[in-house]
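There are 2 protein chains.
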Amino acid sequence: MTNNAFTALMAHMHEAVALSQISGLLGWDQETTMARGSANQRAEWQSALQATIHAKRTDPKVGDWLAAIDPAELDPIEAANIRVISREYERQSRVPTDLAREIARVTSAAQGEWAEARAAGDFAAFQGTLAKVVDLRRQEAAALANGGDLYDALLGEYEPGMQAVELDRLFAGLRRGLVDLREGIGQSSVEIPDIEGRFSQDQQMLIARELADVFGYDWNRGRLDLAVHPFSSGSGDDVRITTRVAEQDPFNCFYSTIHEVGHAVYEQNIDPRHGLTVLGTGASMGVHESQSRIFENQLGRSRAFTGFLFQRMQAVFGDFGIPDAETFYHVVNKLRRGYIRTDADEVQYNLHVLLRYDLERKLIAGTLDVADLQDAWNQRFEQDFGYAVDSVQNGVLQDVHWPVGLIGYFPTYTLGNIYAGELYASLQDDLPTLDSDLAKGDTKEALVWLKEKIHRHGGTYEPRDLIERAVGHAPSEAPLLDYITRKFGDIYQL
Amino acid sequence: MTNNAFTALMAHMHEAVALSQISGLLGWDQETTMARGSANQRAEWQSALQATIHAKRTDPKVGDWLAAIDPAELDPIEAANIRVISREYERQSRVPTDLAREIARVTSAAQGEWAEARAAGDFAAFQGTLAKVVDLRRQEAAALANGGDLYDALLGEYEPGMQAVELDRLFAGLRRGLVDLREGIGQSSVEIPDIEGRFSQDQQMLIARELADVFGYDWNRGRLDLAVHPFSSGSGDDVRITTRVAEQDPFNCFYSTIHEVGHAVYEQNIDPRHGLTVLGTGASMGVHESQSRIFENQLGRSRAFTGFLFQRMQAVFGDFGIPDAETFYHVVNKLRRGYIRTDADEVQYNLHVLLRYDLERKLIAGTLDVADLQDAWNQRFEQDFGYAVDSVQNGVLQDVHWPVGLIGYFPTYTLGNIYAGELYASLQDDLPTLDSDLAKGDTKEALVWLKEKIHRHGGTYEPRDLIERAVGHAPSEAPLLDYITRKFGDIYQL
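In order, the protein sequences belong to chains A and B. In terms of the working numbering, the first sequence opens at residue 1 and continues consecutively. In terms of the working numbering, the second sequence opens at residue 1 and continues consecutively.
Careful: at least some of the hints might be erroneous.
Said to hold, decoys possible - Some chain B residues close to chain A (C-beta under 7 Å, calculated; not the full set):
| # | residue |
| --- | --- |
| 1 | H12 |
| 2 | E15 |
| 3 | R221 |
| 4 | R223 |
| 5 | D237 |
Claimed, not checked - Computed beta-carbon distance windows for the label pairs:
| # | chain 1 | residue 1 | chain 2 | residue 2 | range |
| --- | --- | --- | --- | --- | --- |
| 6 | A | S93 | B | R105 | 33 to 39 Å |
| 7 | A | A11 | B | H401 | 29 to 35 Å |
| 8 | B | E90 | A | P71 | 43 to 49 Å |
| 9 | A | R94 | B | A51 | 24 to 30 Å |
| 10 | B | E445 | A | G321 | 58 to 64 Å |
| 11 | B | A109 | A | G173 | 57 to 63 Å |
| 12 | A | D218 | B | E116 | 25 to 31 Å |
| 13 | A | Q111 | B | A115 | 40 to 46 Å |
| 14 | A | R94 | B | R469 | 51 to 57 Å |
| 15 | A | W219 | B | D249 | 26 to 32 Å |
| 16 | B | T367 | A | N40 | 48 to 54 Å |
| 17 | A | A11 | B | V400 | 27 to 33 Å |
| 18 | B | E445 | A | W219 | 47 to 53 Å |
Hints listed in this document are in silico derivations from the structure and should not be mistaken for laboratory results. Each residue gets a CB set at the ideal place from its N, CA and C atoms; glycine is no exception.
Using the sequences and the accompanying hints, generate a full structural model.
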């Protein structure tokens, strides 16, 4: 029975996975290629496709097949497939169809309302809708939690196996350490110049393509385009990346590219045996972010690699006003006062995330009202950043996540940084030539290591198990905090 | 009952139509955007999507709903929806699943084998596969025909309601007339120069975009890209066109663009009420081709419009060696000795199609063996064109249609030209200012006429009914033959 049921289930999931990947391509097309006037029709397409995928994933036959399979007869990869399929089937089956449809309807409309409220700088105009979104997600959490913790139920969608109690443990020390470091840097007398001048789009894209090469992107199975908000999209043999160009800030283009290449190379490096199965994508949002961040920061913003980038920029742009590689390294890593998470440096980025995490936990716990969210945001921001939010666009209305119902998602950003901290420490131990390689723009050995430890496995292991197998111990925030503290202590002479 | 069943059926078909449109976008992406290494995964996607669409279209619930609907209770648009849905449901239900799967498998592999055989110039290498394709399509035709004519059963997929006996009537006089005209032109002493020089891609695309504007393409709901073989793709609010650029032959780009804009504007002009229903696309392949051909030929290659194009080319390219608009008109319409259907002029194009039609009818009737196909092709070609095929790439291996199983499709090209001939005669009667408008690059009134008579209706009427409503009588080949004979008799002073 196991054999027949397993084969039938895998064939069924093969179609479901293919349809999900198609949905991803529609999203890519929408952000890069589609004409504006096609938006309503595209929404209809996505809605029809999602309904079809949902019907496939919750097909009662899936339950029958799962019941007919004896896990003892499966090899480890087969068992991992069943683990992921079961989890998804149970999650989706627990949420009443009407609730799922209502969430889809409200969050779809909410995105436009949020954009309008943000443009108008008017949180009150969006407050009612956001309260509805939070309420619906709390209902969903209750359905999913089955008596357990509501926030954990939501978190599990993005980071399977993770719990808020564990996040609290990882995040507490990190926050203290980062706030201390930020305050210390504020007292530093080190002055770092800014980059100045104009850097043409063609020349920036020339370097962006080189950077994608350097970090192992496979052009034969993807492409690079421009988008308003850079992203990576796809799995297996079709993984596309986007970047953006600001003429006065080439680092925006370069580091967005490296970040997205981190996501993309992870997907491209997954063992082809997992193609079109539920294991054929990254293990979790946190693990995904660990790859984009280690590419972007630990590797890409290292002294060694910025030395290489400095040479490449000089070759393309000539003298652009930065006198030497060491100054360039400082410029790339300079701390700036700012309000926007996505623009933040390594020191402040996680403070942004932890703020959102604490607030959304309270929203889901019911201990914070949406009516009080803006005040809570502003108060916490001033506490951790040392200055006040100057506008709601730079405050509680800056991210699209909550409006579209992504609650339980934010902490995976910082979790990704914590994983990246662990992986980087191990990588340095295992690869003594890392810095001399990076100084030559050579990431080959580092990529071999990451592919072996992380990429090739796809979703075979639970995220935490995957990291633990890679580094030899349960993940802790210490290596990340240690890395950031040393790096910026050195730059700012603390 | 009718009301509930109709509503449920329309919601079901809404999803099926959306999924079909998504499949179209995947095809567009594959031809314009996708990286080479993504091809296998894309084939898996299409296969999963097609299986899902097929399951939806043949869902027994569709049969139940259709049975529960009383046509007497429907308004004309509702009845038209039911007409098209029933026809498709019956067609798809008649073909055994195993046969459909075998056809998909064989034709999918056959495309690659055909490309290899064509590259090698070796018909014998492909003959076995083609025989298999023909055999499978004959089996399908037998399943569809239900005792009726086999070829009609296949033709009905592309041109609902049309029969071979009617095509024979329309095509017989056309062939005689065109062969006579071609022979007459062969005797003409008129000498027409060729266009010479190099025309840059950027400048060609500048004019191509202008031509798309001139012919009413809505950029807000589509886009123009390059592809190896130009095509138009999509329906409703997302209709994309492609063209190609050959530096020495700007007409290739310009007239490919106008042709594809003809297809695209037809789709863009369909009444939005038909959006995401089975009526929300062109009435048939023949009617579709009538729009691309009337745009390209009757309008685009007219003396009036080429006068406008001549000015635009002079503005962009400067003096390009053609002395005046009348000479330019002759250059655009010059007859050339050639072997390839897609490169053929208005006189010879339909001779190419009629050759294929007659041969494929015999293949399906079982009166011609695939083993004898190459000889039959070469013999007929020499008879109608007056010179011999010089290579199999220029002969029976030139088109992808038969390898991918498209039998019954070719005649819709000539049917489209016949419809275009009828529509052009009516348009001239109704719009006395047509030539003076076209001379200014103004197609507004012509487009209003075509939208009113043809475009807006989508699939509401059977193709022949649609044309008859538009021109006031049953379609005949006479207006097309008359138009071609006059136009080329004038140019070649016969």
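When the hints from earlier in the document are held up against this structure, which numbers fail?
1
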